[in-house]
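Asks: These are the residues of each chain, in order.
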Amino acid sequence: MEAQRVDMFILTNAKYFESYQINGIRDRLVALDDSRWAMISTVQLKDPVISLVISILVGHFGIDRMVIGDLGLGILKLLTCGGLGIWTLVDWFLIMGLTRQKNMEKIQPYLF
Amino acid sequence: MNRNKLYVFLSAACTTGIIWLAITYRREASNGGELGVCLFKRLTNIPCPSCGSTRSVLSLLKGDISGALMWNPIGIILMVFLVITPGWILWDLLRQKSSLFDFYRKSELFLQRKWVATAAILIVLTNWIWTIYKGN
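Protein sequence lines, in the order shown, are assigned to chains B and W.
The numbers in my numbering rise by one with no breaks, and the one at position 27 of the first sequence is 27.
The numbers in my numbering rise by one with no breaks, and the one at position 106 of the second sequence is 1106.
Chain B with its partners taken away, still in its complex shape (with noise of 0.2 angstroms):
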């Protein structure tokens, strides 16, 4: 693919990522044929910023993990009273992280 065009990706959605990832996923994508552009410009990419905020709001039923995909992960949150509180607490400070890692895994089979 053009490098303009894949810089261009990476400056947009750089913070749909961890800082890490961000090297590799622009290797990858120099060296994708142009043909996956359209597959890979319509991943329906989560923000974490966006999963932070429904974390702190409604964290304690679960509602965060649902909406990162996490479906049976929010459901024990939410029988669970937010894992006591405690799983609710705790996920504050992960949902960003678990956004991004989540946004790799959706990206990752056309990447590749």
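Just so you know, these hints were derived from the structure itself, not from any lab.
Where a beta carbon is used, it is the ideal one built from N, C-alpha and C, also for glycine.
To be clear about the criterion: a stretch of chain B counts as covered by chain W if any three or more of its residues have a C-beta under 8 angstroms from a C-beta of chain W, and this derived list gives those stretches:
no.	segment
1	59-71
2	79-87
Where chain B lies over chain W, by a calculated footprint (3+ residues, C-beta under 8 angstroms):
no.	segment
3	1044-1056
4	1098-1111
Since the structure of chain B is provided, determine the placement of chain W on it from the hints.
Replies: Just chain W now, with coordinates in the frame of chain B:
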């Protein structure tokens, strides 16, 4: 989430649950009253959807099924979870299989269906309204 991570997580959840039950059971026996760890209830004074489930499980342990239902039906689900999960994990580890993980994956896919999700949300909401009405 891979198999081992899920199993470690579920084991930790079960252990915490059992320790929590033991603490509340001893407290109840000595009339220490409620511990009240629910963040939502502390902040808003409104019970959360799963408020009352500890008391529900404790009623179940005493054999009082209707009492358990009255406190919060979620307690019964949690009790089933607490009884089945540790055994299932042990079974899987001994036989080096991943049947619980497969089941977890399948139930996640099942719950993602629109009508199942809608029904589940409705049930949880109805139960929540009932919990608020009872004032757990």
